[in-house]
Amino acid sequence: MNELRVENITKSFKISKKQQKNSKSNVDRIVALQDFSASFKEGEIYGLLGPNGAGKTTALRIIASLIKADSGEIYFNDKNIYDEIYFYRKKVGFLTSELKLDDFFTPDYTFTYMSRLYGLSEEETKANKEKLFNRFGISAFKDVKIHDLSTGMKQKVSLAISLCNNPDVIIFDEPTNGLDIVASKDVEDYLLDLKKENKIIIISTHIFSIIEKLCDRVAIILKGKKVLEGELKEVTKDKSLDNVFFDLYYKEQGHEEY
Amino acid sequence: MKNIKTIFLKELKRYFTEPRMLAALYLPGIIIFLVYSLMGKFVTSAFSPTSQIPQDYTYRIVATNNNVTSDSTAPLLFENLNQYIALSEKTNKTDYHYISLDEVDEYKDAIKDHQYDVLVVFEDKFDESIYQEGSEKKVNISLFYDGSSQNATYLYTLLSSLLTESYTNYTVNLENGAFIDANLSTENYTFKNVMSFVIPLVTISLLFSTVISICPEAIAGEKERGTLASLLMTPIKRSELALGKISALTLISLTSGTVSFLGLIFSLPSLYGTDASIGIIFSAGSFIMLLLLMITSLILFVTLGLLISTFAKSIKEAGSYLTPLMTILMISAVIPFAIDMSNIGFAFIPLLNIVSSMNLIITESNLASIVPYLAVTVSINIIFSGLLVFLSAKMFNNENIMFQR
Chain A
2 MNELRVENIT
12 KSFKISKKQQ
22 KNSKSNVDRI
32 VALQDFSASF
42 KEGEIYGLLG
52 PNGAGKTTAL
62 RIIASLIKAD
72 SGEIYFNDKN
82 IYDEIYFYRK
92 KVGFLTSELK
102 LDDFFTPDYT
112 FTYMSRLYGL
122 SEEETKANKE
132 KLFNRFGISA
142 FKDVKIHDLS
152 TGMKQKVSLA
162 ISLCNNPDVI
172 IFDEPTNGLD
182 IVASKDVEDY
192 LLDLKKENKI
202 IIISTHIFSI
212 IEKLCDRVAI
222 ILKGKKVLEG
232 ELKEVTKDKS
242 LDNVFFDLYY
252 KEQGHEEY
Chain B
897 MKNIKTIFLK
907 ELKRYFTEPR
917 MLAALYLPGI
927 IIFLVYSLMG
937 KFVTSAFSPT
947 SQIPQDYTYR
957 IVATNNNVTS
967 DSTAPLLFEN
977 LNQYIALSEK
987 TNKTDYHYIS
997 LDEVDEYKDA
1007 IKDHQYDVLV
1017 VFEDKFDESI
1027 YQEGSEKKVN
1037 ISLFYDGSSQ
1047 NATYLYTLLS
1057 SLLTESYTNY
1067 TVNLENGAFI
1077 DANLSTENYT
1087 FKNVMSFVIP
1097 LVTISLLFST
1107 VISICPEAIA
1117 GEKERGTLAS
1127 LLMTPIKRSE
1137 LALGKISALT
1147 LISLTSGTVS
1157 FLGLIFSLPS
1167 LYGTDASIGI
1177 IFSAGSFIML
1187 LLLMITSLIL
1197 FVTLGLLIST
1207 FAKSIKEAGS
1217 YLTPLMTILM
1227 ISAVIPFAID
1237 MSNIGFAFIP
1247 LLNIVSSMNL
1257 IITESNLASI
1267 VPYLAVTVSI
1277 NIIFSGLLVF
1287 LSAKMFNNEN
1297 IMFQR
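Protein chains in written order, with our numbering: chain A, 2 to 259; chain B, 897 to 1301.
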């Protein structure tokens, strides 16, 4: 049984002189994430909720090993991920809804290329490709250059390629951002399918309905700090999720409860 | 290694199958050929034109008479020259003056004084040796002229080209195993000097323009599209990613550089305003030196371009860093024209040494004398390329450069 755990991760970024000048501040570093801890289990969707700039993407990038935390540790099945980083990266799929494809290649070539970098055999690649391309209706367009695909199809291709390694841990930053309603429904359904396949799924969003529809547990992040975490039902109790969020948000801002 | 190969093959596919990229890679070579051919047509007319040689001009040739008994049994070279002039120029004439081998030095001064156009020195017992069947020993013919004289330059190139039609087993301007300069001119402003200024300037500009076309796309393009993050998420070492890209772009640039080199070589006869074969204008040694210099310089340019592409956050930013570099290179291409850079100390200055080496290969007849200079330049190119690859790989591990800027 796979388990992922993060302990007290903190991350700050250096602010350039130009940014300091623009914000009229002398502070040369900004804390993007502070003392963030959480554990993620198989067959569960964990949601990070927060406004833009709260630190959600930073948290996901650190968990995905794309960037390193200043302090704190991440454990996959009780082993520090940086002890066996290439093994961990084989197990992780990091997705964003932003388009991240080279227009010049076809979906078929890009999928094969990425699968090779993940060290998958030709047979594994073929099987994964067939499964994902059929699931997202890409098969008919697999030999068309990405440049010539519709925006919706590009988004589906991007999603399929991000999952080419059949990852055990799926980290999805803003899963439906910029997607049309049909693609959004596809993604939501697919995340629920992956949950049934016992994957560890972590998503970030600022859309309450996504959390309510998909997540088993939720954490609210404000200004880099986790201010609330729990089972969705426990967190909301008799209130709606947006009420819970804005209570915390205005409290953080120093306003009266709304 | 497997990952480097995967990235290498993907990059090759990227560049070799896209028409825009192919144009950026191979057009410079074609442009070099066309521009130099045209330049030859127009520029040589200013320096050694047949059109500017007056009608009824008599070419004055002085030659050693160790192979002839009288004017009526002139050597084959002169028979061919007479035939050529009779057929193509009609009104012009030739006048031969024969001297002994002992008088050669004295007549070199006469060439400098413009009393004669070309001095032809046949090796002792030339006649016996050149027609001796089965002999492996090559017989030497030396030609001397004054490069500041248009008529002399034209006649020299004409005689050079006629040598191949006249003899087979010969060498040109070889003395004790070393090449000697045919141009006796003491004036600086000769055709070859002009070319030694123009060729490095245009060649380096075109080679660097290839780098500007392909390097920003390689890493900064991936950053801009957001595909770099996907690559960095894969279980490959970041140094593998850097090496895969660098090796592919170096190969791509090398093919581009080879086309540029061929464009340069095949345009030389036009550039020098002669029908002479390329081998007469440039020796095999010069070719090898130029090729070696161009290849190592290109690798240096590519690694420099990749370092900048890795540092920049967008294609536009990478381009804006590379353009001033090209300007610096173009300025450095002009420096050897004003300053004598033949001192080996200059070979240790990166980038500038490329221009000065190219300049020396074109102007220096005694190629053996510039081997150390070229060796230093090539070594500096390789050392700096290695250093730049190392820095690029380091940058791949710097998340501030890769993501946050």
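Mixed in with the good hints there might be a few duds.
To be verified - The calculated DMTMM-like cross-link candidates involving lysine to aspartate or glutamate, where the alpha carbons are at most 25 Å apart (straight line), are: (1) A/K18 with B/E1002; (2) A/K101 with B/E1120; (3) B/K909 with A/D103.
Said to hold, decoys possible - Some residues of chain B that are not near chain A, with every Cβ distance over 12 Å (derived): (4) N899; (5) A982; (6) D1009; (7) K1021; (8) L1128; (9) G1282.
Think of the hints as simulated: they come from the structure by calculation, not from any bench. Even glycine gets a Cβ: it sits at the ideal position worked out from N, Cα and C.
Compare the structure with the hints numbered earlier in the document and write down the numbers of the violated ones, lowest to highest.
Checked against the structure, the hints that fail are numbers 1, 4 and 8, while the rest are satisfied.
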